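Number of protein chains: 2
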Amino acid sequence: MDPIAEVKMYEDSSDLLPLLVGGPGPDTLQNCKEIFTKATASVLETETDLTQAFRYADEQGDQEYRDQLAKFLTTEYNDTVKSSELMVTAGATQGLYFLASLFFNKHKVAFVEDPTYYAAHTMLQCDLQMKVVPVPTDANGIDTNVLDKLLSENRPKSFTVTLEQPFWAMIYVISVFNNPAGWCYSPERCGELVRIARQHDVLVVAEDIYNLVYYGESSPKRLLAYDKLDHDYMGNVVSNCTFSKILAPGLRLGWLEAPERVLRVLKNSSVSWSGGSLNHYASKLAAAAMKLGLQQKHVQTVRQIYKNRMMLMCETLQKSLPPGATFTQPQGGFFVWVKLPEAVDALQLLRMTAKKYKINFLPGFCTSPSGGFKNYVRLSISFCNQATLAQGLDAFCSALRDFIPTDTE
Amino acid sequence: MDPIAEVKMYEDSSDLLPLLVGGPGPDTLQNCKEIFTKATASVLETETDLTQAFRYADEQGDQEYRDQLAKFLTTEYNDTVKSSELMVTAGATQGLYFLASLFFNKHKVAFVEDPTYYAAHTMLQCDLQMKVVPVPTDANGIDTNVLDKLLSENRPKSFTVTLEQPFWAMIYVISVFNNPAGWCYSPERCGELVRIARQHDVLVVAEDIYNLVYYGESSPKRLLAYDKLDHDYMGNVVSNCTFSKILAPGLRLGWLEAPERVLRVLKNSSVSWSGGSLNHYASKLAAAAMKLGLQQKHVQTVRQIYKNRMMLMCETLQKSLPPGATFTQPQGGFFVWVKLPEAVDALQLLRMTAKKYKINFLPGFCTSPSGGFKNYVRLSISFCNQATLAQGLDAFCSALRDFIPTDTE
Chain P
18 MDPIAEVKMY EDSSDLLPLL VGGPGPDTLQ NCKEIFTKAT ASVLETETDL TQAFRYADEQ
78 GDQEYRDQLA KFLTTEYNDT VKSSELMVTA GATQGLYFLA SLFFNKHKVA FVEDPTYYAA
138 HTMLQCDLQM KVVPVPTDAN GIDTNVLDKL LSENRPKSFT VTLEQPFWAM IYVISVFNNP
198 AGWCYSPERC GELVRIARQH DVLVVAEDIY NLVYYGESSP KRLLAYDKLD HDYMGNVVSN
258 CTFSKILAPG LRLGWLEAPE RVLRVLKNSS VSWSGGSLNH YASKLAAAAM KLGLQQKHVQ
318 TVRQIYKNRM MLMCETLQKS LPPGATFTQP QGGFFVWVKL PEAVDALQLL RMTAKKYKIN
378 FLPGFCTSPS GGFKNYVRLS ISFCNQATLA QGLDAFCSAL RDFIPTDTE
Chain Z
18 MDPIAEVKMY EDSSDLLPLL VGGPGPDTLQ NCKEIFTKAT ASVLETETDL TQAFRYADEQ
78 GDQEYRDQLA KFLTTEYNDT VKSSELMVTA GATQGLYFLA SLFFNKHKVA FVEDPTYYAA
138 HTMLQCDLQM KVVPVPTDAN GIDTNVLDKL LSENRPKSFT VTLEQPFWAM IYVISVFNNP
198 AGWCYSPERC GELVRIARQH DVLVVAEDIY NLVYYGESSP KRLLAYDKLD HDYMGNVVSN
258 CTFSKILAPG LRLGWLEAPE RVLRVLKNSS VSWSGGSLNH YASKLAAAAM KLGLQQKHVQ
318 TVRQIYKNRM MLMCETLQKS LPPGATFTQP QGGFFVWVKL PEAVDALQLL RMTAKKYKIN
378 FLPGFCTSPS GGFKNYVRLS ISFCNQATLA QGLDAFCSAL RDFIPTDTE
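Quick mapping for you: the protein sequence lines, in order, are chains P and Z.
The first sequence lines up with residues 18 to 426 when you count with the numbering used here.
The second sequence lines up with residues 18 to 426 when you count with the numbering used here.
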């Protein structure tokens with residue numbers, strides 16, 4: 018069986034305790050009943066023209082949605098977000114697919130972090146048939162020296178900037194609470210990445226998915242803010258975001274924060290002309306949830322829950338990981354990235370663990386377009402509640418001890 | 018100004034009476050308040066596990082949604098529809114974009130009717146950079162003799178059928194209540210189209226958008242049913258459908274009915290892996306609306322309303338069109354396709370009409386990938402209520418009399 022298909026099989030097995038999935042579980046979704054009851058009533062009972070919520074809507078997204086979102090993000094980011102620079106999406110997956118298919122597409126180049134989000138690099142490579150170039154990373158983010166060199170090597174001689182196509186390639190990064198690695202880019206690295214993107218005429222798609230799931234005082238600065246520092250701002254960074262982690266993935270709702278020259282291409286596309294807003298009714302519900310303050314309250318609640326789980330996971334791993342296994346405690350997001358001894362094949366570990374201990378997790382090879390990180394494991398705190406998570410972690414550590422006999426045993 | 022951009026400008030002008038837009042207006046959306054109030058209550062109060070509606074969901078779509086939809090369609094089509102052959106989409110635009118981008122993409126060939134849906138041929142050509150080949154049509158549908166010849170000429174020598182790519186090209190058609198032309202394919206033409214598609218290893222994407230908006234006794238047979246007649250059925254036809262015309266476009270919800278070999282590719286894509294169901298919460302609401310019988314009742318109601326409007330439009334045109342202008346009364350759908358005298362440029366007519374008579378409509382050139390149909394106009398019954406529509410039609414006929422002086426004047 019194809020290794021990716023095998024991982025999907027373990028992911029879909031309902032009899033396994035899920036340390037793989039990166040999405041909210043029953044505990045952090047239980048407030049949705051109240052939120053959506055109130056938000057629906059607000060949309061259906063207080064709109065002046067009721068049928069507006071059910072029509073085709075503006076390509077860029079409903080004005081009320083963008084206004085409420087701009088306000089919410091300005092507070093959360095502690096940085097100005099303009100509603101004119103926001104566009105509705107049907108979630109971050111759709112946002113990335115939309116950007117990549119409209120601007121780049123078959124045979125164009127996508128530079129990605131190695132490791133990166135597993136379904137993103139395969140989507141760019143297999144679904145959209147782009148040329149995916151992995152770029153090494155360290156604890157401060159993507160290696161900008163290597164990236165600079167790779168950009169010079171890959172730029173087509175024939176490329177010239179036009180209004181319709183200001184970029185010849187994209188760089189896909191998760192600079193805040195990285196998936197899978199958990200780290201945040203250093204401010205220096207952010208500045209350097211933006212500088213390089215400008216110099217080489219490439220678009221950076223920054224997936225700012227986990228930014229509001231922070232465990233410190235506030236959200237680390239998104240990459241786009243570094244781009245905006247420049248007074249000759251043209252815009253080389255798009256921030257691709259979603260309500261999936263902070264509200265409900267089933268809603269399939271997100272947004273892009275993007276410069277005018279990118280928004281223009283997206284709004285003028287025929288796919289936008291045809292369907293209008295990419296998820297209109299859902300955006301009306303989210304707008305109501307923000308207007309009523311329910312979204313703000315919810316994100317505070319789940320942040321605390323996730324923080325407690327993250328502490329539990331890191332404390333347990335600290336105590337129980339066998340020698341030679343290491344990790345760094347993340348300051349936000351859903352994932353702990355565990356490095357196991359070089360000789361360990363995490364896919365084999367998954368097979369054994371699923372069978373004997375009834376848990377799943379993400380083996381590192383999935384995250385690597387270069388086929389590396391075979392001895393890494395991504396563990397997620399997002400789905401299981403505290404008690405189930407503790408049980409899953411015990412099982413994981415037991416499995417590791419089985420699989421990697423230590424000298425003392 | 019680019020002529021397409023100019024048409025969009027007239028489409029977006031809120032001070033024009035809209036005979037352009039092909040979507041429900043306030044009158045046929047007013048029941049949505051009741052429908053969505055009840056459907057939301059049903060989802061939020063009666064689901065056994067409430068959080069299911071808010072999670073990431075199965076790539077193919079929620080089981081309840083597909084089961085309810087299969088039942089609804091089996092009744093409406095008077096033909097068996099299996100829930101295993103349905104897949105959720107975020108509307109027909111997204112369905113087409115998804116199919117075209119995953120199976121074909123840049124430089125691959127899309128054969129389209131001439132005329133066809135305006136935003137579809139530009140989406141395939143401009144957004145996805147496919148090679149769009151127009152195929153002539155007559156009152157029985159696409160010209161299958163010409164199509165057969167064009168397929169033979171365009172097939173790449175190197176193409177061989179594989180599991181991942183069973184098709185080298187797509188044919189995009191609207192065989193029932195065509196947009197813009199209003200006609201239905203004859204049964205012979207449907208059979209011939211399916212035979213040719215099989216013989217040439219191409220996929221037919223049949224947009225079955227208006228099938229349930231019929232004004233006769235029942236819905237004309239969808240193209241997929243002709244494909245299924247064959248006992249060596251492999252599947253060369255996908256039926257791409259939406260709730261936009263029969264419920265609410267703002268919901269951004271639709272479905273594909275497709276053969277297993279097509280569904281497999283869609284479900285196994287990374288974009289599906291990443292986001293799961295393309296519009297999950299909306300699909301739960303629609304499932305509830307079908308379960309409660311609200312969708313069934315609604316489609317009957319709006320069918321009668323649209324039928325009355327269509328009769329009004331055709332009677333008015335019959336009486337008031339100047340000599341040399343002709344049309345055929347459609348048996349379903351939203352559009353009347355009016356042929357004006359050869360010398361008339363419908364874009365110029367639109368400019369004058371918008372300015373002097375404050376209405377808009379679709380000039381035929383938008384629908385034609387070959388740049389033809391300049392003297393055609395598409396009028397829509399979908400948005401305006403009976404009284405406004407009557408007013409708009411009077412204005413349109415007055416404008417025509419201004420623009421095309423008859424001999425007797």
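Simulated from the structure, these hints should not be mistaken for laboratory data.
This one's a predicted model, so the numbers in the text were calculated from it and none came from an experiment.
Please note that a few of the clues may not be correct.
The list makes no distinction among identical chains, and a pair is therefore deemed to hold if it is satisfied within one copy or across any two copies.
Unchecked claim - Keeping only pairs whose Cα atoms sit at most 30 Å apart, straight-line, the calculated BS3-like set for lysine-lysine is:
(1) K284 / K375
(2) K284 / K25
(3) K391 / K284
(4) K125 / K373
(5) K174 / K148
(6) K99 / K375
These are the hints, each one checked on the structure:
Proximity of K284 and K375 under a CA criterion of 30 Å is satisfied inter-copy only: 26 Å between copies versus 47 Å inside one chain copy. In this assembly of identical chains, K284 and K25 lie within 30 Å of each other by CA distance solely across copies; the values are 12 Å between and 35 Å within a copy. Proximity of K391 and K284 under a CA criterion of 30 Å is satisfied inter-copy only: 26 Å between copies versus 41 Å inside one chain copy. For a Cα distance limit of 30 Å, the shortest separation of K125 from K373 qualifies neither inside one copy, at 44 Å, nor across copies, at 48 Å.
When the C-alpha separation of K174 and K148 is checked against a cutoff of 30 Å, the pair qualifies both within a copy, at 17 Å, and between copies, at 25 Å. Proximity of K99 to K375 under the C-alpha cut-off of 30 Å is found in neither arrangement, the shortest distances being 47 Å within a copy and 34 Å between copies.
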